[in-house]
Amino acid sequence: MSVVAAAGCGPGRDEPPYPGPGEKKLNVYIWSEYLPREVIDEFKRRTGIEVHYDLYDSNEPVLEKLQSGVADYDLVVPSDYMVRILVHLKLLRPLDRGKLKNFGNLDPRFLDRQFDPRNAYSLPYVWGTTGYGFNRDRAGRSPDTWAPLFDPANKGQILMLDDMRECFAAALKFQGQSLNSTDPGVLKRAADLLKKQKDLVKTYNSGDYENILAAGDVSYAHGYNGQLAKLAAKEPRKFGFVLPKEGATFWMDSVCIPARARNIEAIYAFLDFILEPEVSAKIVNGISYASANVPARKFIRPEILNDPAIYPSEEALAKCEFIEDIGEATSILDEYWTEIKAQ
Amino acid sequence: MKRGAPGRAAYLLVLPTWATLGVFFLLPLGILFLVSFGQRATYGGLKPIEDLGLYISSGKFLANYARSFHPIYLQICWRSIWMATVTTVLCLAMSYPIAYYIAVKAPAGRRNLLLGLVVVPFWTSFLIRTYAWMFLLRTEGLVNRALLGAGLVAHPVELLYNNFAVLIGLVYGELPFMILPLFASLEKLDLSLLEASQDLGAGRASTFRRVTVPLTMPGIVAGVILVFVPSLGQFIVSDLLGGAKTILAGNLIQNQFAVARNKPFGAAVAFELTAAVLALLFAYTLYTKRKGQDVLL
Amino acid sequence: MSGKGRWLAGYAWLVYAFLYAPIAILIVFSFNRATQTAVWEGGTLDWYRNLAHNDLILASVKNSLIVGVVSTAIATVFGTLVALALGRYEFKGSGFTKSLLYLPIIIPEIVIGAALVTFFGAVALHLSLWTVVLAHVVFSVSYVAIVVRARLSGFDRSLEEAALDLGARPVQTFWRVTLPLIAPGIVAGALLCFTISIDDYVITSFVAGVGATTLPLQIYSMLKVGVTPEVNAVSTLLLAVTVVLIVIAQRLQQPPGERGETS
Numbered sequence: 001m002s003v004v005a006a007a008g009c010g011p012g013r014d015e016p017p018y019p020g021p022g023e024k025k026l027n028v029y030i031w032s033e034y035l036p037r038e039v040i041d042e043f044k045r046r047t048g049i050e051v052h053y054d055l056y057d058s059n060e061p062v063l064e065k066l067q068s069g070v071a072d073y074d075l076v077v078p079s080d081y082m083v084r085i086l087v088h089l090k091l092l093r094p095l096d097r098g099k100l101k102n103f104g105n106l107d108p109r110f111l112d113r114q115f116d117p118r119n120a121y122s123l124p125y126v127w128g129t130t131g132y133g134f135n136r137d138r139a140g141r142s143p144d145t146w147a148p149l150f151d152p153a154n155k156g157q158i159l160m161l162d163d164m165r166e167c168f169a170a171a172l173k174f175q176g177q178s179l180n181s182t183d184p185g186v187l188k189r190a191a192d193l194l195k196k197q198k199d200l201v202k203t204y205n206s207g208d209y210e211n212i213l214a215a216g217d218v219s220y221a222h223g224y225n226g227q228l229a230k231l232a233a234k235e236p237r238k239f240g241f242v243l244p245k246e247g248a249t250f251w252m253d254s255v256c257i258p259a260r261a262r263n264i265e266a267i268y269a270f271l272d273f274i275l276e277p278e279v280s281a282k283i284v285n286g287i288s289y290a291s292a293n294v295p296a297r298k299f300i301r302p303e304i305l306n307d308p309a310i311y312p313s314e315e316a317l318a319k320c321e322f323i324e325d326i327g328e329a330t331s332i333l334d335e336y337w338t339e340i341k342a343q
Numbered sequence: 344m345k346r347g348a349p350g351r352a353a354y355l356l357v358l359p360t361w362a363t364l365g366v367f368f369l370l371p372l373g374i375l376f377l378v379s380f381g382q383r384a385t386y387g388g389l390k391p392i393e394d395l396g397l398y399i400s401s402g403k404f405l406a407n408y409a410r411s412f413h414p415i416y417l418q419i420c421w422r423s424i425w426m427a428t429v430t431t432v433l434c435l436a437m438s439y440p441i442a443y444y445i446a447v448k449a450p451a452g453r454r455n456l457l458l459g460l461v462v463v464p465f466w467t468s469f470l471i472r473t474y475a476w477m478f479l480l481r482t483e484g485l486v487n488r489a490l491l492g493a494g495l496v497a498h499p500v501e502l503l504y505n506n507f508a509v510l511i512g513l514v515y516g517e518l519p520f521m522i523l524p525l526f527a528s529l530e531k532l533d534l535s536l537l538e539a540s541q542d543l544g545a546g547r548a549s550t551f552r553r554v555t556v557p558l559t560m561p562g563i564v565a566g567v568i569l570v571f572v573p574s575l576g577q578f579i580v581s582d583l584l585g586g587a588k589t590i591l592a593g594n595l596i597q598n599q600f601a602v603a604r605n606k607p608f609g610a611a612v613a614f615e616l617t618a619a620v621l622a623l624l625f626a627y628t629l630y631t632k633r634k635g636q637d638v639l640l
Numbered sequence: 641m642s643g644k645g646r647w648l649a650g651y652a653w654l655v656y657a658f659l660y661a662p663i664a665i666l667i668v669f670s671f672n673r674a675t676q677t678a679v680w681e682g683g684t685l686d687w688y689r690n691l692a693h694n695d696l697i698l699a700s701v702k703n704s705l706i707v708g709v710v711s712t713a714i715a716t717v718f719g720t721l722v723a724l725a726l727g728r729y730e731f732k733g734s735g736f737t738k739s740l741l742y743l744p745i746i747i748p749e750i751v752i753g754a755a756l757v758t759f760f761g762a763v764a765l766h767l768s769l770w771t772v773v774l775a776h777v778v779f780s781v782s783y784v785a786i787v788v789r790a791r792l793s794g795f796d797r798s799l800e801e802a803a804l805d806l807g808a809r810p811v812q813t814f815w816r817v818t819l820p821l822i823a824p825g826i827v828a829g830a831l832l833c834f835t836i837s838i839d840d841y842v843i844t845s846f847v848a849g850v851g852a853t854t855l856p857l858q859i860y861s862m863l864k865v866g867v868t869p870e871v872n873a874v875s876t877l878l879l880a881v882t883v884v885l886i887v888i889a890q891r892l893q894q895p896p897g898e899r900g901e902t903s
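Residue numbers (the working numbering), protein chains in the order written: chain V, 1 to 343; chain L, 344 to 640; chain W, 641 to 903.
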């Protein structure tokens, strides 16, 4: 089996795979904790290939490194909007469906999304939603809309993600619009709402929101479902998670092959491996985010499978949308975001 | 005191730095400088320019620089300068006495130990340290509990997610960068000069102001630069401890590179910041040269 | 000690308390049963036990230490040499050198990181742990240069001249007269260098290659799924080891006969 990408390739030059009998290694660039130890060990037991992984905490280094052409990764796991950018910049290798016998395990509802039509380049890895967690003692009735986050009565009790697209998504959905709207009037109304909301927000935070909710600094915490679901599962009497009925963000991290990856056989062996039901279940059980693998459900812990925060119902999902790259309108949003934060 | 003739020695001494920084710093930045004259393409990246001549003569290539003079960006700039100044002043005030203690008053054998103990806290993870500050400062945190328990306040004080917390975080993080340069300068302070000043009738305050401070000015200036300048580009502390409710120059540039994927504009702002600070530093150098002092690089 | 000396010592203790307050919290929370970093739920040694098996964290610690030590060593040498050049000679290009040295301090990290990775791509230099070391040297030299230069200001050349008059060769003079006199500046600069390197996240995230994940990268990456007190545990251990090393180094430094004395 071929090994880690040969060093010294200039951009655009092709070189034969680096020979190396007995050296079996796969380099993955991924979010922390996304690959449980037991999955890697099992893969090594079966194929003798060692999976090495390096970590990142945002999509930007992925883009920069793939663009530079000098990062030698065989697999990356970018977020949805980043997949589209990488495809557009021709930084990904098309998937050879024929080499993936387990592809059929994937739930068709999660395939063929706008950021990668026909899944030419990516496979769903895990997915989730963005909603908010709330403190039951302070919130009174169980909320089910975005309203509490914009209610002046909750001044100083709100946390919002420090993420331009996510905040706009909440505002747009609350106003009944698509979160990928590029209509200037619609965007302006959303921006005005966010400007008014700023006064109510105690803090914007994208990394630590569940802890801030748990510590009691806020009563409502906008955030990704995984961490908030864990908190709610641990202390159900005190905390809950809401996927608002106006709709919310649907996000997905997908696994892709960089265009310059070389270790093709090993890569497909690994991709097929993580498409196996039991393996996919191990990943889900490890990090409490849902996967798109249908037969895996048999092996997922019931508390996770039945948690609506992690596996929401059909109707709850119906109104959710992916964040898509909105082209030029990104600059408009960025100006609004600067204004919101600067006031 | 500087020797007159340069000799080849000087060039030999600076060669390693010139080579390393020249190749691995100036060149990359040079590329980015060119990028700052470009325009963002739909997916981030650069828009190809059809007619270079027209692009330059029409002044379009300065679009990013022009945009950065928009009032909202100037306001951000001003806020960053203000925050950095306050941080630096507080830092200097806090650091001088302890640097003095370590350099002058502490037992000679203990100096390196005491100095080491100043930096060691910063070899832990910044994130965890900041979480620890949040734990201390939040409404139900330790500080408030202590204040309430001691009866100093009737209600918990808002110590977190505001400018107060940001200042604590910034000053805290910058202390080593002020204490260490001050120490380096104070350590060679000739105490007999201070004694002589007092023998000649100057009081303690006067001696401090007119003997100690001027003698340690190089350390003070070094510390001020090492604290003020990086503080201008700060943003993580204000995000975590300040609740991310303000946007500073650092946030602006970060956003352009990361979220808005508008590298040309981000680069333009970064280079303007650079030009402004360099101008400031060289103005100061000229000022001190005229006075015959020699305190900057 | 005089009255003023006592106040000063008292003040120093306060500053140390301020410096170590969050560290104390950090250490206590490394024993926290809960995974949330904000709420205390009782003590446990589990995180330390996990650490022993967590190859990834241990590997990242090793990477951080390698990068820290190597880049500090190189940057300290380069920075000291530059400071000497700027402090002692008038030469054409001194203005350029000064600007060059100020730049890494002024320019925000994300700009340096993005510029570097693009540059590495353009020259086909593959990312690795050594690109990280390189990047760290690039932004650290300035700190050493500025601190050592401050030390050199007003440097009394007569000592060196005396040594030369007495027959010492220039290199000998440098080694045995100049260097000891500027040593505190070099030590201060090196300490700053290492401090910056060990916790650098932004630049490192852009230039780290396969297998070059450092501790800060590891920790920030955990934010997506939740930072656990394992991070507190590893920080506490590093802290303990460092303090022990410093105390030992200090004991070794004291010449025999001075041990136990205060001056």
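The hints are simulated quantities; they were obtained by calculation from the structure and are not laboratory data. Backbone N, C-alpha and C fix where the C-beta goes; we use that ideal spot for every residue, glycine too. Mixed in with the good hints there might be a few duds.
To be verified - To list a few chain W residues with every Cβ distance to chain L over 10 Å, as calculated:
#1 PRO662
#2 LEU666
#3 LEU685
#4 HIS693
#5 ASN694
#6 ASP695
#7 LEU696
#8 VAL709
#9 HIS766
#10 ALA785
#11 SER793
#12 LEU804
#13 ARG809
#14 TRP815
#15 ARG816
#16 VAL883
Unchecked claim - From the derived model, a few chain V residues whose C-beta atoms are all more than 12 Å from chain W:
#17 LYS25
#18 HIS52
#19 ARG138
Claimed, not checked - Label-pair ranges, simulated between beta-carbon atoms:
#20 L:VAL366 - V:LYS99: 52 to 58 Å
#21 L:PRO391 - V:PRO94: 24 to 30 Å
#22 L:THR628 - V:PRO117: 57 to 63 Å
#23 L:TYR386 - V:ASP41: 48 to 54 Å
#24 L:PRO414 - W:GLY735: 33 to 39 Å
#25 L:TYR386 - W:LEU654: 30 to 36 Å
#26 V:ILE264 - W:ILE706: 29 to 35 Å
To see whether the hints hold, each was checked on the structure:
1. Some Cβ of chain L comes within 10 Å of the Cβ of PRO662 of chain W; the nearest lies about 4 Å off, and the non-interface call is violated.
2. The Cβ of LEU666 of chain W sits about 5 Å from the closest Cβ of chain L, inside the 10 Å cut-off, so the non-interface label is violated.
3. Taking the minimum C-beta to C-beta distance to chain L, about 18 Å, the non-interface status of LEU685 of chain W holds against the 10 Å cut.
4. Once the 10 Å rule is applied to beta carbons, HIS693 of chain W is consistent with being away from chain L; the minimum gap is 20 Å.
5. Listed as a non-interface residue, ASN694 of chain W keeps its Cβ farther than 10 Å from every Cβ of chain L; the least gap is roughly 15 Å.
6. Taking the minimum C-beta to C-beta distance to chain L, about 19 Å, the non-interface status of ASP695 of chain W holds against the 10 Å cut.
7. Chain L leaves LEU696 of chain W outside its interface by the beta-carbon criterion, the shortest separation being 15 Å against a cut-off of 10 Å.
8. At the 10 Å boundary, the C-beta of VAL709 of chain W stays outside the reach of chain L, the nearest C-beta of that chain being 12 Å off.
9. The claim that HIS766 of chain W is not at the interface with chain L holds, since no C-beta of that chain comes within 10 Å of its own (minimum 15 Å).
10. Interface exclusion of ALA785 of chain W from chain L breaks down, the closest Cβ pair being 7 Å apart, not more than 10 Å.
11. Some Cβ of chain L comes within 10 Å of the Cβ of SER793 of chain W; the nearest lies about 4 Å off, and the non-interface call is violated.
12. At the 10 Å boundary, the C-beta of LEU804 of chain W stays outside the reach of chain L, the nearest C-beta of that chain being 13 Å off.
13. ARG809 of chain W, annotated as away from the interface, keeps every beta carbon of chain L farther than 10 Å; the closest lies near 14 Å.
14. TRP815 of chain W, annotated as away from the interface, keeps every beta carbon of chain L farther than 10 Å; the closest lies near 15 Å.
15. In this structure ARG816 of chain W is separated from chain L by more than 10 Å, as the shortest Cβ-Cβ distance comes to about 17 Å.
16. A Cβ of chain L approaches the Cβ of VAL883 of chain W within 10 Å, the least distance being about 6 Å, so the stated non-interface status is violated.
17. For LYS25 of chain V, the shortest C-beta to C-beta distance to chain W comes to about 9 Å, within the 12 Å cut-off, and the non-interface label is violated.
18. Not every C-beta of chain W lies more than 12 Å from that of HIS52 of chain V, the closest at about 6 Å, which undercuts listing it as non-interface.
19. No beta-carbon of chain W comes within 12 Å of the beta-carbon of ARG138 of chain V; the shortest separation is about 16 Å.
20. For VAL366 of chain L and LYS99 of chain V, the hinted distance range of 52 to 58 Å is not satisfied, since their beta carbons lie about 43 Å from each other.
21. Take PRO391 of chain L and PRO94 of chain V: their Cβ atoms lie about 25 Å apart, and the range 24 to 30 Å holds.
22. Between THR628 of chain L and PRO117 of chain V the CB atoms are about 59 Å apart, so this pair conforms to the stated range of 57 to 63 Å.
23. For the pair TYR386 of chain L and ASP41 of chain V, the beta carbons lie near 39 Å from each other, so the given range of 48 to 54 Å is not met.
24. Between PRO414 of chain L and GLY735 of chain W the beta carbons are some 34 Å apart, a value that agrees with the proposed interval 33 to 39 Å.
25. Checked against the hint of 30 to 36 Å, the pair TYR386 of chain L and LEU654 of chain W fails, with Cβ atoms roughly 53 Å apart.
26. Between ILE264 of chain V and ILE706 of chain W the beta carbon distance is about 32 Å. The supplied range of 29 to 35 Å therefore holds.
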